[in-house]
Amino acid sequence: MTLGNVVSALGLEVLTPELSVNGGADVTRGHASDLLSDVLANAPTGGMLLTIQVHMNVVAVALHAGLAAVVFTQGMRPEEMVRLKAVQEGLPLLASKESTFELAGRLYALGLRGRGQE
Amino acid sequence: MTRLAADMHIHTVLSPCASREMTPPAIVREAARKGLAVIAVCDHNTAGNVRAVADAAATIENGPVVIAGMEITTVEEVHVLGWFRTADEAGAAADEVAASLPPWRSLAPRAAKEPEQQLMDAAGNETGIERRMLAAASRFTLSETVELIHRHGGLAVAAHVDRRSFSVPGQLGFIPDDVPFDGLEISAAGAARGRAAGFAAHGLPLVSSSDCHFLEDMGTGFTRLEVSAPSFEEIAKALGMVEGRGCAIA
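Those protein sequences? They're chains G and W, same order as listed.
In terms of numbering that gives the first Met the number 0, the first sequence has 116 at position 117, counting the first letter as 1, and numbering is strictly consecutive.
In terms of numbering that gives the first Met the number 0, the second sequence has 249 at position 250, counting the first letter as 1, and numbering is strictly consecutive.
Nothing false has been slipped in among the hints.
As a list, the in silico EDC-like pairs of lysine to aspartate or glutamate whose alpha-carbon atoms are at most 20 Å apart: (1) 236(W) / 88(W); (2) 84(G) / 177(W); (3) 236(W) / 225(W); (4) 84(G) / 176(W); (5) 96(G) / 12(G); (6) 33(W) / 20(W).
If you are wondering where the hints come from, they were derived from the structure by calculation, not from laboratory data.
Whole structure, please, built from the sequences with the hints as guidance.
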């Protein structure tokens, strides 16, 4: 499933319309966390991150972890500086009013999975 | 220039997580016993007991110089220490933080039903109970918190950066280079394990403190100050490494 398919299926708001959400690799994994140290350590490469963490560092951490996109849940929205940085780095930012729990459940129902156990 | 031992992160009975033994007279007696020339009172999101501890220190022999401080929880749940020139400036900063805190709420069924966040006088008598939830996060972002501390003339130090919980690296993955910290605090345990070296590359002064919530832990972490006197102004110079002043982790 492409990122664009996920965006349509869940009705996510695209905060970075400058970037295309279509055409990338299929998204098969996700991670939910607000601790960026945990994201660095545990988020699966190529996955989507669900978070309420809107600090600027989320962009750098997502890039370092090789994530496909970041979804800000529960109505959280980053500052414009963060958005511009993400556009510059080519990292799609998405948003939803739903809670992380609800969105994770819906992504799971679409077939996405977490990092798995090691 | 003289070398002084400073433990700049001490909690009192006003912090919900601190032992009830952390009263103003007990704190200053313990500091004097352990030869600490400087302590900073840094309760969570409040400076309400700063004056009482300073007054208690003035009544005993070899009482420490007490710096007015506060440990602010940012909206990202990062802990930042603010050290201020005066209790008034710490109080003004604390008022802004307090206005953004929720009211008390019991954290667990078995936890205290009523807040045990005690305001005290210099003799250790309870003078009031703080009814805001001091363990909660403020509404200030990390950058706004550092700006708030600086606006009130204080020094902003990222707390226990070597720990996973409530630290800048723990919450935010790494220390952003656009936040103008005046220093980084290494926990007592981290300093003992040689973790300070890993933070030297940030080019910020490193300090260590006990972050004590119990009397016996006071002084387990401390900073050696090279200063002409135990004062806020001198500590600011020591962190800035100017005019021959300096600081080092013991």
